[in-house]
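*Asks:* Keeping their order, the protein sequence lines are chains A and L. All residue numbers for the first sequence refer to our numbering, where the first residue is 32 and numbers rise by one. All residue numbers for the second sequence refer to our numbering, where the first residue is 32 and numbers rise by one.
Careful, some of the hints might be misleading.
Identical copies go unnamed one by one, so any copy, or any two together, can satisfy a pair.
Unchecked claim - Derived lysine-lysine pairs resembling BS3-like cross-links, with alpha carbons at most 27 Å apart: (1) LYS120 - LYS146; (2) LYS168 - LYS154; (3) LYS148 - LYS82; (4) LYS82 - LYS47; (5) LYS127 - LYS110; (6) LYS47 - LYS221; (7) LYS154 - LYS34; (8) LYS82 - LYS120; (9) LYS168 - LYS47; (10) LYS34 - LYS104.
No lab work stands behind these hints: they were computed from the structure.
Spelled out, the chains give:
There are 2 protein chains.
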Amino acid sequence: MEKLKALQRLEESLNKLPSVGRKSAERLAFAMLDMDESDLQEFADSVSKLKESIHICPICGNLTEEDVCSICKDESRDKSTIMVVSTPKDILALEKGEDYRGLYHVLGGTISLTKGKGIEDLKIPELLERIQSGNVKEVIIATNPTVDGETTALYLAKIIEPLNITVTRIAYGLPMGGNLDYTDSLTISKAIEGRRKI
Amino acid sequence: MEKLKALQRLEESLNKLPSVGRKSAERLAFAMLDMDESDLQEFADSVSKLKESIHICPICGNLTEEDVCSICKDESRDKSTIMVVSTPKDILALEKGEDYRGLYHVLGGTISLTKGKGIEDLKIPELLERIQSGNVKEVIIATNPTVDGETTALYLAKIIEPLNITVTRIAYGLPMGGNLDYTDSLTISKAIEGRRKI
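Given the sequences, and given the hints that come with them, work out the whole structure.
*Replies:* Pasting the structure below:
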């Protein structure tokens, strides 16, 4: 049986999404055949117009649909603290907690030997400019606790500390609801190292 | 942080797909932000035009982009055998094997008490008409080996057998590459029951 062209075309597009393999793409495409025509058109339109309104905040590098992102625009936020993250998606995760009231700075990745990403590919000059021109007292480095994230954090600490700014790193430890039994030994040793008085 | 409207809209559409939850929808939407604009437009277009060209084959109920599906149209196929399946997707799976050279008939579901689907919702009259008007010798029932699939198979056998047609059921047993250790007892007992001389 020849495959239907319209289905195949959709499967190829779906297949470009991360963790959607050939089999999942086929399953999703068939499911979409069962969707209402109006839902399909809404889906198509939301894909087509995705990037139309979204761009990068010129101050922090976050995604926004306005001139400046909602965080940079928020007068109530603490402008003396900048949290450095790799991607805009990290901001979304950090904002879910609602504890942090400072600003952000998106690097646009991390230093990565494997991906061939160097210092020059990251928004480090912009970060230094923000630190020097503003009233920044603390820079919290919130790159992921991976080899690349750690390398980036160490590099940033090395170049920011001479500017007389406190540089901190988010804590390592057991995830809440986690289980000692299933936690890798590196995390456990970091959790012991970072212990606090209760 | 307020969520970006364009992202949220896309996430809502993605969330309508089977097994794509809130978290996956968010992950996929962000990944799509990194896609080329041309890939995005191709994606949108493939979604938008999905159903435009696809319709149901008037003979067997398979999906097709022509008047009649490629299987019904294929003169080389054995018109004396009809394999009865629940959905067009089942045909795709069966055709991958390339062993079967007969025709198909799509019921459009199975009899299901839980889903409130009765005999009247299935394309059974169309099947009987095909059997009676053509030169059909065998009807192979290939509904899934589930409660609903079995109920449907038994019902079909009961109404087709009086027409002097051989009604068969696809075999139950261990899946190839399967592992006895991980196979449920019902499958094992069916595999033993269906044993053949080697």
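*Asks:* Does each hint fit the structure? Answer for all of them.
*Replies:* Results for each hint:
1. In this assembly of identical chains, LYS120 and LYS146 lie within 27 Å of each other by CA distance solely inside one copy; the values are 19 Å within and 40 Å between copies.
2. In this assembly of identical chains, the alpha carbons of LYS168 and LYS154 lie at most 27 Å apart only when taken from the same copy (19 Å versus 72 Å across copies).
3. With identical chains, the CA atoms of LYS148 and LYS82 are at most 27 Å apart within one copy only, with a shortest distance of 25 Å there and 43 Å across copies.
4. In the homo-oligomer, the alpha carbons of LYS82 and LYS47 lie at most 27 Å apart both inside one protomer (17 Å) and across protomers (21 Å), since each shortest distance falls under that limit.
5. Proximity of LYS127 and LYS110 under a CA criterion of 27 Å is satisfied intra-copy only: 19 Å inside one chain copy versus 61 Å between copies.
6. For the homomeric pair LYS47 and LYS221, neither the shortest alpha-carbon distance inside one copy (37 Å) nor that between copies (41 Å) is at most 27 Å.
7. In the homo-oligomer, the alpha carbons of LYS154 and LYS34 lie at most 27 Å apart only across protomers (23 Å), although the nearest pairing inside one protomer, at 46 Å, exceeds that limit.
8. Taking the shortest alpha-carbon separations for LYS82 and LYS120, only the intra-copy value of 15 Å comes in at or below 27 Å, while the best inter-copy value is 34 Å.
9. Taking CA atoms no more than 27 Å apart as the test, LYS168 paired with LYS47 passes in neither setting, with 43 Å inside one copy and 45 Å between copies.
10. Taking the closest pair of Cα atoms, LYS34 and LYS104 come within 27 Å of each other only across two copies (15 Å); inside a single copy the shortest separation is 51 Å, beyond that limit.
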